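S.K.: Turn these sequences into a full structure, and let the hints steer you where they fit.
Single-letter residue listing:
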Amino acid sequence: MTEWEYLNRAEAAREKLYRTALMTLGSQSAAIDAVDEAVYKGYCGHRKLRQPEYFDTWLIRILLNVCRDELRRRKRELAVEALPETAQEAFDALPLKEAVRRLPEALRQVVVLRFFTGLTLEETADALHLPRGTVSTRQRKALTLLKLELSDGEEGTP
Amino acid sequence: MNRLQEYETLMTELADLPPQLSGTARRARARRRGRRLGFSLGSLGSVCAAFVLAVNLMPAFAQACAGVPILRELAAAVAFSPSLSATVAHGYAQPVGQSQTVDGVTVTVEYVVADAQQMEVFYRTDGEAGPYEVDCDLEDLEGNPLTGYTVSAFTAGSDSGDDLLHFTVHFTEMDVPDTLVLQLRLRKDDGPWSAAPYTFSIRIDPEKTAKAQVLSVGQWVELDGQRLKVDRLELTPTRTALYLEGDPDNTAWLQDLTFRFTGADGTVYERVDGAVGGVGQPEGGVYTYYFQSLYFAEEALTLWIDGAAWLQKDAGPVTLDLADGTYTGTLPQGVTCLSVDEEEGQPVIWVESILHRTPFALTYRDETGAERTFSKLSELQSGETRRFRYFLEEGTAGIVALLPVYTSLSHLEEPLSIPLQ
Chain A
1 MTEWEYLNRA EAAREKLYRT ALMTLGSQSA AIDAVDEAVY KGYCGHRKLR
51 QPEYFDTWLI RILLNVCRDE LRRRKRELAV EALPETAQEA FDALPLKEAV
101 RRLPEALRQV VVLRFFTGLT LEETADALHL PRGTVSTRQR KALTLLKLEL
151 SDGEEGTP
Chain B
1 MNRLQEYETL MTELADLPPQ LSGTARRARA RRRGRRLGFS LGSLGSVCAA
51 FVLAVNLMPA FAQACAGVPI LRELAAAVAF SPSLSATVAH GYAQPVGQSQ
101 TVDGVTVTVE YVVADAQQME VFYRTDGEAG PYEVDCDLED LEGNPLTGYT
151 VSAFTAGSDS GDDLLHFTVH FTEMDVPDTL VLQLRLRKDD GPWSAAPYTF
201 SIRIDPEKTA KAQVLSVGQW VELDGQRLKV DRLELTPTRT ALYLEGDPDN
251 TAWLQDLTFR FTGADGTVYE RVDGAVGGVG QPEGGVYTYY FQSLYFAEEA
301 LTLWIDGAAW LQKDAGPVTL DLADGTYTGT LPQGVTCLSV DEEEGQPVIW
351 VESILHRTPF ALTYRDETGA ERTFSKLSEL QSGETRRFRY FLEEGTAGIV
401 ALLPVYTSLS HLEEPLSIPL Q
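Going down the list, the protein sequences come from chains A and B.
Using my numbering, the first residue of the first sequence is number 1, and each one after it goes up by one.
Using my numbering, the first residue of the second sequence is number 1, and each one after it goes up by one.
Quick caveat, the hints were computed from the structure, so don't treat them as lab data.
Every clue listed holds true.
Which stretches of chain A does chain B cover? Using the computed rule of at least three CB atoms under 8 Å from a CB of chain B, they are:
no., segment
1, 10–17
2, 94–102
So the derived label-pair ranges between C-beta atoms look like this:
no., chain 1, residue 1, chain 2, residue 2, range
3, A, A106, B, P415, 52 to 60 Å
4, A, A106, B, T199, 48 to 56 Å
5, A, A106, B, E222, 48 to 56 Å
6, A, P95, B, P317, 41 to 49 Å
7, B, S201, A, P95, 47 to 55 Å
8, B, E414, A, R72, 52 to 60 Å
9, B, E139, A, E5, 14 to 22 Å
10, A, A106, B, S408, 38 to 46 Å
This one's a predicted model, so the numbers in the text were calculated from it and none came from an experiment.
Glycine is no exception: its CB is placed at the ideal position from the N, C-alpha and C atoms.
M.R.: The structure is reproduced here in structure tokens:
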């Protein structure tokens, strides 16, 4: 992928990236920083991207990695923990945005990519390097915990 | 509010993009460029040495310029480069003479030298003492950002502010436009960039540029068992571009080529005196190398190929366990040792090689397969051995995959020669 293609496609993807980062990290400033960092890392490695058709999921994967690092850093400083899957009442009591952030990471990534970033089931599976069936299962669990009834008609979506 | 209503409200909020997100890709490019500039400052000493050498080797040029004050100054500024010196001597320098002051520092763009694909910008700083690091973005006259170019600078500024400095804009995906706007920013000692950009509108004078001359070659050669087509040369006043193609059946990608030119009278041209040595997409089998300008060379030329660096197409990564230093995979030729050390609580990878060539890419893959970038690379020389230190991103642990830049190198006892008509 050429530099020109990368710059244009990265700029076009920033809305998806921002939604992903904001739903993962919670604050606007942290989300902007994470998007900047991910786009920078992508820029460093864009010439190695062999399949440009997977550009969005590739860049989102880099972003998830950046977000994970940031959450790990915060965990050391602020001791913010995800709630266990059994804590249904605690999820009910939280506003949706906060409840999503407090999902276990595996579930949060799926629900963020599917319903806030706007990826398809296939793209989500590709971004997370997971089988489609696993994405489906995690999506169902996450939506149940959030008491959110969403459907986009794709297989495996409730 | 039920969950669905909450979801809809949240999606509406998320549709509002903060303005700070605008230009994220340009910021990434500028940040990367900043790092590159940081590395290139180390070569200041060699540039100064070249300056002295060139002035002494080109008495005719120095004498020709001595009587014209502005050319004399420009001649000194370009003396490190035979190509630029010849370009200026043949009248391709275009005066600009625009000044702007930001944060008490005045920048004056004095000249540009442009041809089809490259533009040299000569400027000076006046005000608070330097040296400064310089960054440059380009826009068209309507304020739309231009893309497809890189910027390189050997020097970032002087202490006195008297010296004429320069940087190179290399256009990779378009020709130098007739008009453009330079947006310069300066900073000192890794401090903040200037609050506002210095803006200069440049109109390239067609009288001061020259069209590229194309020399078609179209000859296949065999090198280290691989086939390469020497397709053509493009000659411009500031540089020469050599275009090559690899045979799709080759088992390795060409990573680097050592070559030179000679004239019929025995003159040897063997300098890469521009800021950019080569670009291209090795994995597409198309290669471009840049060289000193042969635009003003009048005699018949011969291309000599002396050697090459190759990356086997099926070469896998070298996987390294950071915990115990064990690795799997084939090390690049010349690498004699791969080990892990620790500095300030972070693992650092040490690579020893008998070759002066960076063995692994600046990106690596962590245990999850995610691509990461080394935060720093340093190179030390001890006798015949080079020691490269790769500093991993914070938090990297477990097994990492290192990506070889090359797998083998060759130096031909009998160079390949290709006469050029």
